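So you can see what is in the structure, the chains are spelled out below.
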Amino acid sequence: MLIRFLQTNREASVAVIILLLFVVLGVVDTSYLSFETVLSIYNNSLILLVIAIGATLVMATRGLDVSIGSIMGLSAAVAGILMNGQFGIGPSIAIALFVGLLCGLFNGFMVAILRVPAIVATLGTLGLYRGLVHLVTSGSWIEGLPEGFKGLSHAGFLGLSAFAWIVLFLLVGTHCWLRYTAFGRSLFAVGDNREGARLLGIKVRQVQLTAYAINGVLAALAGIIFAAQIGFIPNTAGNGMEMRAIASSVLGGVSLLGGTGTVIGAGLGAYFMTSIDSVLVMLRLDAFWNDMIAGGILLVVLIADGKIREAMGSALRYQKYRKFIETDAQNDKSVETPTIKELGEVRK
Amino acid sequence: MTEQIPSTLRETLIKADAIWKFFGSVSVLKGVDLTLESGQIHALLGGNGAGKSTLMKIIAGLHPVDRGDLYVGGVKANNLTPVLSRQLGIHLVPQEPMLFPNLTVEENVLMHMPGNRAELKSRLIDLIKEVGSSLELHTPAGQLEVADQQMVEILRGLIRNARILILDEPTSALTPREVAKLFTRMRALSAQGVGIFFISHKLGEIREIAETVSILRDGKVVLAGPPKSFSDAEIVRAMTQIEGKSAFEIDEARPEFTEGMEVLRVQNLCGEGFAHISFSLHAGEVLGLAGVVGSGRTELAETLYGIRKAARGRITVDGLDLTETSPIKSLDHGVVYLPEDRQSSGLFVDASLCWNSSSLVLYREPAWLRLGAEEQRFQDYVKSLGIVCASSSQAVRTLSGGNQQKILLAKCLAANPKVLILDEPTRGVDVAVRADIYRLIDDLAARGVAILLISSDHEEVQRLSNRVLVMDHGHPGGELRGAEISVDTIAQLSFGVTAEQGAKQC
Amino acid sequence: MNRLHFLKRWETVLAILLIGEILVFGAINPAFLRPSTLLFSTSDFVHIGIVALALTLVIITGGIDLSIGAVMGLAAITLGLLWVNGVNIWIACFGALCVGCATGVLNSVAIHVAKVNPLVITLGSSFLFSGAALVLSGLGGASGYEGISGFDASFVELANLEVLGLPFPLVIFFVATGIFMVILHRTRFGRYIYLIGQNDRAARYAGVPQFRTLTIAYALTGIMAALSGLVLASYFGSARSDFGSAALMPAITAVVLGGTSIYGGSGTILGTALAALLVGYFQTGLQIIGVSSHVSNALSGGLLVLVVALRSLSEMGRAYYLQWRVLKSVGQQTS
Chain D
1 MLIRFLQTNR EASVAVIILL LFVVLGVVDT SYLSFETVLS IYNNSLILLV IAIGATLVMA
61 TRGLDVSIGS IMGLSAAVAG ILMNGQFGIG PSIAIALFVG LLCGLFNGFM VAILRVPAIV
121 ATLGTLGLYR GLVHLVTSGS WIEGLPEGFK GLSHAGFLGL SAFAWIVLFL LVGTHCWLRY
181 TAFGRSLFAV GDNREGARLL GIKVRQVQLT AYAINGVLAA LAGIIFAAQI GFIPNTAGNG
241 MEMRAIASSV LGGVSLLGGT GTVIGAGLGA YFMTSIDSVL VMLRLDAFWN DMIAGGILLV
301 VLIADGKIRE AMGSALRYQK YRKFIETDAQ NDKSVETPTI KELGEVRK
Chain L
1 MTEQIPSTLR ETLIKADAIW KFFGSVSVLK GVDLTLESGQ IHALLGGNGA GKSTLMKIIA
61 GLHPVDRGDL YVGGVKANNL TPVLSRQLGI HLVPQEPMLF PNLTVEENVL MHMPGNRAEL
121 KSRLIDLIKE VGSSLELHTP AGQLEVADQQ MVEILRGLIR NARILILDEP TSALTPREVA
181 KLFTRMRALS AQGVGIFFIS HKLGEIREIA ETVSILRDGK VVLAGPPKSF SDAEIVRAMT
241 QIEGKSAFEI DEARPEFTEG MEVLRVQNLC GEGFAHISFS LHAGEVLGLA GVVGSGRTEL
301 AETLYGIRKA ARGRITVDGL DLTETSPIKS LDHGVVYLPE DRQSSGLFVD ASLCWNSSSL
361 VLYREPAWLR LGAEEQRFQD YVKSLGIVCA SSSQAVRTLS GGNQQKILLA KCLAANPKVL
421 ILDEPTRGVD VAVRADIYRL IDDLAARGVA ILLISSDHEE VQRLSNRVLV MDHGHPGGEL
481 RGAEISVDTI AQLSFGVTAE QGAKQC
Chain G
1 MNRLHFLKRW ETVLAILLIG EILVFGAINP AFLRPSTLLF STSDFVHIGI VALALTLVII
61 TGGIDLSIGA VMGLAAITLG LLWVNGVNIW IACFGALCVG CATGVLNSVA IHVAKVNPLV
121 ITLGSSFLFS GAALVLSGLG GASGYEGISG FDASFVELAN LEVLGLPFPL VIFFVATGIF
181 MVILHRTRFG RYIYLIGQND RAARYAGVPQ FRTLTIAYAL TGIMAALSGL VLASYFGSAR
241 SDFGSAALMP AITAVVLGGT SIYGGSGTIL GTALAALLVG YFQTGLQIIG VSSHVSNALS
301 GGLLVLVVAL RSLSEMGRAY YLQWRVLKSV GQQTS
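Residue numbers (this note's numbering), protein chains in the order written: chain D, 1 to 348; chain L, 1 to 506; chain G, 1 to 335.
Treat each hint with caution, since some may be false.
[Said to hold, decoys possible] Listed next, with one range per pair, are the computed distances between beta-carbon atoms:
hint: 1; chain 1: L; residue 1: G193; chain 2: D; residue 2: V16; range: 31 to 41 Å
hint: 2; chain 1: L; residue 1: L371; chain 2: G; residue 2: A15; range: 21 to 31 Å
hint: 3; chain 1: D; residue 1: Q319; chain 2: L; residue 2: D430; range: 40 to 50 Å
[Stated by the list, open to error] One side of the interface only, derived from the structure: several residues of chain G facing chain D at Cβ under 7 Å:
hint: 4; residue: L123
hint: 5; residue: L134
hint: 6; residue: L170
hint: 7; residue: R188
hint: 8; residue: I216
hint: 9; residue: A219
hint: 10; residue: A298
hint: 11; residue: A309
hint: 12; residue: L310
Everything labelled a hint here was simulated from the structure, so no lab data went into it. Since we're looking at a predicted model, the values are computed, not measured. Beta carbons: idealized from backbone N, C-alpha and C, even for Gly.
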């Protein structure tokens, strides 16, 4: 029963793991078990949350985007340059998001229209966009961002920053969008059975293109949040984030083979990945345990997942062939077949 | 049949006018003419590769028409797309359900439908009740049994108020009760003016439900009219006759055979898709395994070869228990399987001819490949099987179907078989190659190889087999020996025409 | 239109591109053409080629290994830790290679047991291995991200050693290329690699030992990643846990650019080797003529995008052309 529940509600298993983490924390020192801890981890996980949403969209269509780290860096750099060039904060952010959209569209074009394998296409743009970062910044860091911009990441209403509110809204919004709207479901349909989706009249390429485009915009948003949080933009901004985003989504139950997963699951995965960091600090353990714990848990979850699916598969297979395998009740059936003599008579 | 729309009020929904379709250089449809009227249930019958499914996919907009014209509701529609076809009210329920395994039943049915969700959902619930199904809306489709998956596909068409419904073998996975319910539903629909194409292998069903039947063979309609105007024998003959029979003498006597040692013995074998199968196979014997598609023949062959697990029973080869076998173990004991689907399980279509021909015996080779010997062996097969190719390094994909099949045979022969299981050895090959393959099978049997021949082509079974075993829905359906073997007797056993039904028609 | 011929041509294209590229850079800056520059600049990128060779095998089987970067770091740290604890440097090297082998076996077993896409499994294991490297370096030295240095001089000198006038890392690369060519193209194991990648199902029907073959392929990749980590450790004279983090994407790029299909089934060692040199010299060349290393990264990314898009377009064009030709010839027959 529990296994069945965890299988159909994969988010729940991540939630359980996060709870366990907090229990461990509570055992060590109860004073850490506060709403502030939850909030501070949330604030630390904003960037990963945003790109995990994007990764979920793309992975739902059976795609993959490893260029998001570079898109993050590129949009952050564009926003930074524009802001320091006396552009307003609003227009700068808008243009940066637009750059993200273009990057995403180009990825989508390669995958949906040119039919280049997703990992290869985005591997190429990973290098390409990163190079553009260095071109627009001429290799130097961008510092001295306007205070108003940095202020967007400072705590505000109910202890959450403006970005934190936006991300919360995004999480709920995209979750509902994916779960309850026709277009949202068609993303999953395309990933689950491309040919079947085409048969039902879904415009498969358009759906794929949209997923990559939105993913680009979200990566751009993550880059902007990053810039606002740390107050400057190194040209390595976003490096390696693609792997963390994919890992978060996978941990939260999004399948690389498309068709399954929820934004909430991916969000919980991202939250978990971040919380390990914070929890280690609170447990006064060295931060270097982080990746190993994350990787270990990821592998355990994946293998358990695979095992569960295998067990369900063989149960289904057994169901399908049950009437042949449990044959005792059918023993009499073979007697009824007509003999050739009878048939011969009929023909005459 | 139930009340019908008077023929004067009927309109033509689909008109196919000399439609041709090519895949690569192979023509699948060769000028098909067909019409569907509103309120008509039009059955399509034909063997594998006759072109039924291709024709239906063209009407559903999945393949474009290559030559000829397709009219939908009187309008020429040669460049249908799936979207357009759907807008015209055409719904295809494919043979293999095209579901989204990870999405729920509800989502699968309602995917990409305009309208109010709640309203659609309540309509779906009503519909499920109406067809008497016990589907639950929130089950992921991947966890359903095949029959239920088929039902989901049918519901998709029903809820979309399709004017033209195409059911590609909808009953193959249904129980008799479910079939009865489906038929009630189909009659109700046709009374409302829906035109239905119904593909089935079961004559009884066609007689029960269809107003018109068209029989396809080799890409053409060879027989058409109301089912009651044809006898079973006529229909079966129309379906199975081989084109260009004169190219070689099909009725050439089966070679005399002297029964050798028993090499394979199967005792009360049960497995995935078959039960209580017992037979023995002797050296030099060709045992035909007949039955309709989906009667468990391939599953039986795959179990003998070790791809699937047997649930109970015993397999012995030369007195050795091989019930728990694996492909390597089978090969080691001389049991070789030629798979039915050469593209997906038989050949490595992008690999070279030479690589393919040696792929079954690689494990016997030393770790260091002897490329010269490999090439030599391949050239021997080129000569002995008459394979037409430019070089041994060309990809299998570039060959014609017949030559691909010869490569597959070469691959099996290289393993030096004692028991050779041939699953549809002449599927999709032309007459000349077919004759070559028949001669080869005779020759192998004469040299003492025991052959288990699975074929849906009854003339082929008749021509080649010394003994025929018919399978009926996974169960033993009868055995024919010597003079008993004829196209008609095989057909009657495999189509499950019982004496009672036959009597009614005469 | 034969697929194998096409691949042969692809390697020729790569070789011509490589020579052309060297000549162009040489024309802009003749210093580039000096043999010592040409030879010793390879030490900057040859470690990518070394690991890409083994990765080619894995990708031909239809899999992928994202953990190679992490394994490079883990192997280097293992070496450092053993050395710091007084183990002989050569035994430490052997230990590092063993760790590399173990990571590959672990990957393969996890893929086999979970029956999950190799991409996801190796993504997970890359966190595990890079995490392990961090932990080990943290446990070994006091701080996590600092390297371990002070290796035996004989080990550090290896990277600068000349063998027959060639830098030692390049020699390793050439030897490895030769060995892998033989393994992939002349042995039964290599044939299995191709067959599994081309048609997994037909391979099962033909009795190909899939798990064993895949395990050896992943183990070889782990060993080569470890070797590549050792080369870097020797070249820099220190071992760091994040050594390989920048090597993963270029390695995959080399394999794909070398003509290996990311879906598996086709590809050659020579193609990968040439592509690794092509990309490596591309970057060095750009730097020598005064383009910043970051921009040169972008241009190599652009190169990959361009090549892959062109190949995809030409495939699509060919498919349309064939269909058109068939229809045309049929039209002539029937009318």
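Right, here's what the structure says about each hint:
1. The given range of 31 to 41 Å is broken by G193/L and V16/D, whose C-beta atoms sit roughly 55 Å from each other.
2. Between L371/L and A15/G, the C-beta spacing of about 24 Å keeps the proposed range 21 to 31 Å intact.
3. In this structure the supplied range 40 to 50 Å holds for Q319/D paired with D430/L, their Cβ-Cβ distance being about 42 Å.
4. Interface restraint check: L123/G against chain D, minimum CB-CB distance 6 Å, threshold 7 Å, status holds.
5. The beta carbon of L134/G is positioned within 7 Å of a beta carbon in chain D (closest approach about 4 Å), and the interface hint is therefore held.
6. A least Cβ separation of about 24 Å between L170/G and chain D goes past the 7 Å threshold, and the interface hint is therefore violated.
7. Taking 7 Å as the C-beta contact cut-off toward chain D, the hint placing R188/G at the interface is violated, the least distance being around 29 Å.
8. Annotation: interface hint on I216/G violated; nearest CB of chain D at approximately 21 Å, more than 7 Å.
9. For A219/G, the shortest C-beta to C-beta distance to chain D is roughly 18 Å, which exceeds 7 Å, and the interface hint is violated.
10. Taken as an interface hint, A298/G checks out: its beta carbon lies about 1 Å from the nearest beta carbon of chain D, inside 7 Å.
11. A hinted interface residue such as A309/G counts as satisfied when its beta carbon comes closer than 7 Å to some beta carbon of chain D; here the least separation is about 5 Å, so the hint holds.
12. Checking L310/G against chain D: minimum C-beta separation of about 10 Å lies over 7 Å; hint violated.
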